[in-house]
Amino acid sequence: MPIKFDHVTYEYPMEEKPVVAVKDVSFEIADGSFVCVCGENGSGKSTLAKLMNGLLQPTSGTVTVDDKSTATEVEKELFAIRQKVGMVFQNPDNQMIASIIEDEIAFGPENLGVPREEIGERITYALDAVGMSEHRHHTPYKLSGGQKQRVAIAAVLAMRPEVLVLDESTAMLDPKGRAEVLKVAHELHAQGITIVLITHFMEEATQADRVIVMSSGEVVMDGTPEEVFRDREGIERYDLELPIVDDVAAALSQQGVPIEDKIYSVSTLAEAICRSK
Amino acid sequence: MSIEIKDLSYVYSPGTPYASTALKSVSITINEGDFLGIIGKTGSGKSTFIQHLNALIKLQSGSIKVYDIDLTQKKPDLKKLRGTVGMVMQYPEYQLFDETVEKDVSYGPKNLGLSEEEIKGRVREAITLVGLSYDEIKDRSPFELSGGQKRRVAIAGVIAMRPRVLILDEPTAGLDPRGKKEILTLIKKLKETSSPTVIIISHDMDAVAENCDKVAFFSGGEILAEGAPRDLFYDDDLLARTEMEAPAIVKLTKALENRGVTLDSHPINKQEFVQAVKRWRDE
Chain A
38 MPIKFDHVTY
48 EYPMEEKPVV
58 AVKDVSFEIA
68 DGSFVCVCGE
78 NGSGKSTLAK
88 LMNGLLQPTS
98 GTVTVDDKST
108 ATEVEKELFA
118 IRQKVGMVFQ
128 NPDNQMIASI
138 IEDEIAFGPE
148 NLGVPREEIG
158 ERITYALDAV
168 GMSEHRHHTP
178 YKLSGGQKQR
188 VAIAAVLAMR
198 PEVLVLDEST
208 AMLDPKGRAE
218 VLKVAHELHA
228 QGITIVLITH
238 FMEEATQADR
248 VIVMSSGEVV
258 MDGTPEEVFR
268 DREGIERYDL
278 ELPIVDDVAA
288 ALSQQGVPIE
298 DKIYSVSTLA
308 EAICRSK
Chain B
1094 MSIEIKDLSY
1104 VYSPGTPYAS
1114 TALKSVSITI
1124 NEGDFLGIIG
1134 KTGSGKSTFI
1144 QHLNALIKLQ
1154 SGSIKVYDID
1164 LTQKKPDLKK
1174 LRGTVGMVMQ
1184 YPEYQLFDET
1194 VEKDVSYGPK
1204 NLGLSEEEIK
1214 GRVREAITLV
1224 GLSYDEIKDR
1234 SPFELSGGQK
1244 RRVAIAGVIA
1254 MRPRVLILDE
1264 PTAGLDPRGK
1274 KEILTLIKKL
1284 KETSSPTVII
1294 ISHDMDAVAE
1304 NCDKVAFFSG
1314 GEILAEGAPR
1324 DLFYDDDLLA
1334 RTEMEAPAIV
1344 KLTKALENRG
1354 VTLDSHPINK
1364 QEFVQAVKRW
1374 RDE
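Here the protein sequences come in this chain order: A and B. Numbering of the first sequence is given in the numbering used here, commencing with residue 38 and proceeding in unit increments. Numbering of the second sequence is given in the numbering used here, commencing with residue 1094 and proceeding in unit increments.
Hints were generated in silico from the structure; no laboratory data involved. Check before you lean on any hint, since a few could be wrong.
When the alpha-carbon atoms are kept at most 25 angstroms apart in a straight line, the in silico DSS-like pairs for lysine-lysine are as follows [said to hold, decoys possible]: (1) B:1173 to B:1203; (2) B:1117 to B:1099; (3) A:314 to B:1347; (4) B:1213 to B:1284; (5) A:179 to A:220; (6) B:1158 to B:1173; (7) B:1344 to A:314; (8) A:213 to B:1273; (9) A:314 to B:1363; (10) B:1344 to A:213; (11) B:1371 to A:299; (12) B:1307 to A:213; (13) B:1344 to A:220; (14) A:220 to B:1347; (15) B:1151 to A:179; (16) B:1363 to B:1274; (17) B:1117 to B:1307; (18) B:1167 to B:1099; (19) B:1363 to A:299; (20) B:1117 to A:179; (21) A:213 to B:1363; (22) B:1274 to A:213; (23) B:1172 to B:1203; (24) B:1344 to A:299; (25) B:1231 to A:54; (26) B:1273 to B:1363; (27) B:1173 to B:1151; (28) B:1274 to B:1344; (29) B:1347 to A:213; (30) B:1371 to A:314; (31) B:1282 to B:1363; (32) A:213 to B:1117; (33) B:1117 to B:1151; (34) A:41 to A:121; (35) A:41 to A:60; (36) B:1347 to A:299; (37) A:105 to A:41.
To list a few chain A residues with every Cβ distance to chain B over 10 angstroms, as calculated [claimed, not checked]: (38) 152; (39) 157; (40) 165.
Note that this is a predicted model, so its numbers are computed, not measured. Even glycine gets a Cβ: it sits at the ideal position worked out from N, Cα and C.
With these hints in hand, go ahead and build the complete structure from the sequences.
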């Protein structure tokens, strides 16, 4: 079990009174799963992400990564956890430090003390995995947003992580950039890496194995996309929305078109409409 | 007609080895009452284009006329221009700076040189228009508000200038579904009540199809096409050339076509699609 939350609460210390961002949350993320975390702005999603690799440590309760608590005082153990659980954030421009992409990717493994030859291999692997090999010797500044996020993912991959956490990593991208990053996430998942994707885009959530919905710091829904999106009351209550295709399916069904109540993609809904006549 | 642009070109760092062309001979007329969506991938020239419209970027070549303000003139009336064209930048909440919401929203109208009384009235009106309670929020620090509230305050700061043209760069980026719906509803309301012409830059094709009556496709610093969303979003070749995606409704209609079902129209929103499917079933 790579990541386990056991009655985790996190409070941001404030002058007057602390703000509770995550409230008594317990769940496990299974090896090799693709988990989406949704919920309104301020619901605690990003705090949850930062708790996953010890960037934040719980105020109470425990977060464990492969049975090791993130609240360790031993630096080495914390580094091991951060190597296993890598993060990519929202703004691609805030994450680049080196002037050449190759150096950007080497930064993590160098800090881990990986031997030089192996660093070279890791760079090749990581850039290949995100489809950015041809840019190896270029500067990251001239890349598009989607390409920058792929480089940021490669920098995490060079650490050979078990889990990749993407915290709204597609929010600032154009449609093509978003599609690129999602494709990479799904490819890495197919290679066995556990993916945690935090997003406001419901279509992204329908492609996950599991959807966790946060509201006011608590986990309020947790299930397959099918289970979560069929709970129309829950969707309403927690200010989510149906993906457009499913919203259309619901509208068709309301207007008397015989469409089964389930989660659709563009092609499956088109087929269902064809069959309805 | 409210804005007329002819042959607008722009080069960043001209005459240096780093020179890069951002706009190439762009011409477009934007009429009063238009709700224009500007789309195009990152780096296609969208932001450079709109920054010209209230002279955040100095005109290099071509001409821009905003109502009777001619930007080709030596000293155009920039104060008047900025009172006419309100610009809401990307993530505008990062630009809030003052101690209280009231002071922050007052900043623009103060620069217009209005009387204290007039400023107060406008600020109250703007804060109310964006759906916040003036009395509750005016003395609070903008930094202790939620993300959605901050964005509203930032928009109020622009609305308080009473611009006839309102421009918003990615107004819904980073917002949750409810925040997104609220901001889009707000923009429509502002269009009806205070700023008849609205221009948005957006990566959200569904929102553009649903809300805009005109759309301009930017690519490589040029406008490749301009027209009704209903026409342009069904143009596969245009979408491919600009590397844009079709809105979900258009994808559905095309997926039906691929399966031998041709609807009698080109629906552009959910209601139209549902009605078209119903008509097809009744045939």
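For each hint, the structure was consulted:
Taken as a hint, the residue 1173 of chain B and residue 1203 of chain B pair is honoured in the structure, with Cα atoms around 13 angstroms apart against an allowance of 25 angstroms. At roughly 11 angstroms between alpha-carbon atoms, residue 1117 of chain B and residue 1099 of chain B fall within 25 angstroms of each other, so this suggested pair holds. A C-alpha spacing of about 18 angstroms is found between residue 314 of chain A and residue 1347 of chain B, which places the hinted pair at or below 25 angstroms, so the restraint holds. A threshold of 25 angstroms between alpha carbons decides the hint, and for residue 1213 of chain B with residue 1284 of chain B the separation of about 22 angstroms falls inside it, so the pair holds.
Using a Cα cut-off of 25 angstroms, the hinted pair residue 179 of chain A and residue 220 of chain A holds, with the two alpha carbons roughly 22 angstroms apart. Of the supplied pair hints, the one linking residue 1158 of chain B and residue 1173 of chain B holds, its CA atoms being roughly 13 angstroms apart against a limit of 25 angstroms. At roughly 20 angstroms between alpha-carbon atoms, residue 1344 of chain B and residue 314 of chain A fall within 25 angstroms of each other, so this suggested pair holds. As the CA atoms of residue 213 of chain A and residue 1273 of chain B are separated by approximately 20 angstroms, the hinted pair is consistent with the 25 angstroms bound.
With a C-alpha separation of about 19 angstroms, the suggested pair residue 314 of chain A and residue 1363 of chain B falls inside the 25 angstroms cut-off, and the hint holds. Distance restraint check for residue 1344 of chain B and residue 213 of chain A: the Cα-Cα separation of roughly 15 angstroms lies within the 25 angstroms cut-off, and the hinted pair is therefore satisfied. Proximity of residue 1371 of chain B to residue 299 of chain A is assessed by CA-CA distance (about 20 angstroms); at most 25 angstroms being required, the pair is judged to hold. For the proposed pair residue 1307 of chain B and residue 213 of chain A, the alpha carbon gap of about 22 angstroms is at most 25 angstroms, so the pair holds.
A threshold of 25 angstroms between alpha carbons decides the hint, and for residue 1344 of chain B with residue 220 of chain A the separation of about 19 angstroms falls inside it, so the pair holds. Of the supplied pair hints, the one linking residue 220 of chain A and residue 1347 of chain B holds, its CA atoms being roughly 23 angstroms apart against a limit of 25 angstroms. Proximity of residue 1151 of chain B to residue 179 of chain A is assessed by CA-CA distance (about 24 angstroms); at most 25 angstroms being required, the pair is judged to hold. Under the criterion of a C-alpha separation no larger than 25 angstroms, the hint pairing residue 1363 of chain B with residue 1274 of chain B is consistent with the structure, at around 15 angstroms.
With a C-alpha separation of about 21 angstroms, the suggested pair residue 1117 of chain B and residue 1307 of chain B falls inside the 25 angstroms cut-off, and the hint holds. Between residue 1167 of chain B and residue 1099 of chain B the CA atoms are separated by roughly 17 angstroms; this keeps the pair inside 25 angstroms, and the hint holds. Under the criterion of a C-alpha separation no larger than 25 angstroms, the hint pairing residue 1363 of chain B with residue 299 of chain A is consistent with the structure, at around 18 angstroms. Taking the CA atoms of residue 1117 of chain B and residue 179 of chain A, the gap is about 20 angstroms. The hint holds against a cut of 25 angstroms.
Distance check on the hinted pair: residue 213 of chain A and residue 1363 of chain B sit about 23 angstroms apart at the alpha-carbon level, within 25 angstroms; holds. This hinted pair checks out: residue 1274 of chain B and residue 213 of chain A have alpha carbons roughly 23 angstroms apart, not beyond 25 angstroms. Taking the CA atoms of residue 1172 of chain B and residue 1203 of chain B, the gap is near 12 angstroms; set against the 25 angstroms cutoff, the hint holds. Between residue 1344 of chain B and residue 299 of chain A the alpha-carbon distance is near 19 angstroms, which keeps this suggested pair within the 25 angstroms criterion.
Simply put, residue 1231 of chain B and residue 54 of chain A have alpha-carbon atoms about 23 angstroms apart, close enough for the 25 angstroms limit, and the pair holds. For the proposed pair residue 1273 of chain B and residue 1363 of chain B, the alpha carbon gap of about 17 angstroms is at most 25 angstroms, so the pair holds. This hinted pair checks out: residue 1173 of chain B and residue 1151 of chain B have alpha carbons roughly 16 angstroms apart, not beyond 25 angstroms. Note on residue 1274 of chain B and residue 1344 of chain B: the hinted pairing holds, with a Cα-Cα distance of about 22 angstroms set against a maximum of 25 angstroms.
Note on residue 1347 of chain B and residue 213 of chain A: the hinted pairing holds, with a Cα-Cα distance of about 19 angstroms set against a maximum of 25 angstroms. Of the pairs offered as hints, the one joining residue 1371 of chain B and residue 314 of chain A holds, with about 10 angstroms between alpha carbons and a cut-off of 25 angstroms not exceeded. With a C-alpha separation of about 21 angstroms, the suggested pair residue 1282 of chain B and residue 1363 of chain B falls inside the 25 angstroms cut-off, and the hint holds. Note on residue 213 of chain A and residue 1117 of chain B: the hinted pairing holds, with a Cα-Cα distance of about 23 angstroms set against a maximum of 25 angstroms.
Restraint check for residue 1117 of chain B and residue 1151 of chain B: the C-alpha separation of about 15 angstroms stays at or below 25 angstroms, so the hint holds. Straight-line distance between C-alpha atoms of residue 41 of chain A and residue 121 of chain A comes to about 14 angstroms, which keeps the hinted pair within the 25 angstroms bound. Of the pairs offered as hints, the one joining residue 41 of chain A and residue 60 of chain A holds, with about 15 angstroms between alpha carbons and a cut-off of 25 angstroms not exceeded. Between residue 1347 of chain B and residue 299 of chain A the alpha-carbon distance is near 21 angstroms, which keeps this suggested pair within the 25 angstroms criterion.
Distance restraint check for residue 105 of chain A and residue 41 of chain A: the Cα-Cα separation of roughly 10 angstroms lies within the 25 angstroms cut-off, and the hinted pair is therefore satisfied. At roughly 38 angstroms, the least C-beta separation between residue 152 of chain A and chain B is larger than 10 angstroms, which holds for a residue marked as non-interface. In this structure residue 157 of chain A is separated from chain B by more than 10 angstroms, as the shortest Cβ-Cβ distance comes to about 31 angstroms. The claim that residue 165 of chain A is not at the interface with chain B holds, since no C-beta of that chain comes within 10 angstroms of its own (minimum 23 angstroms).
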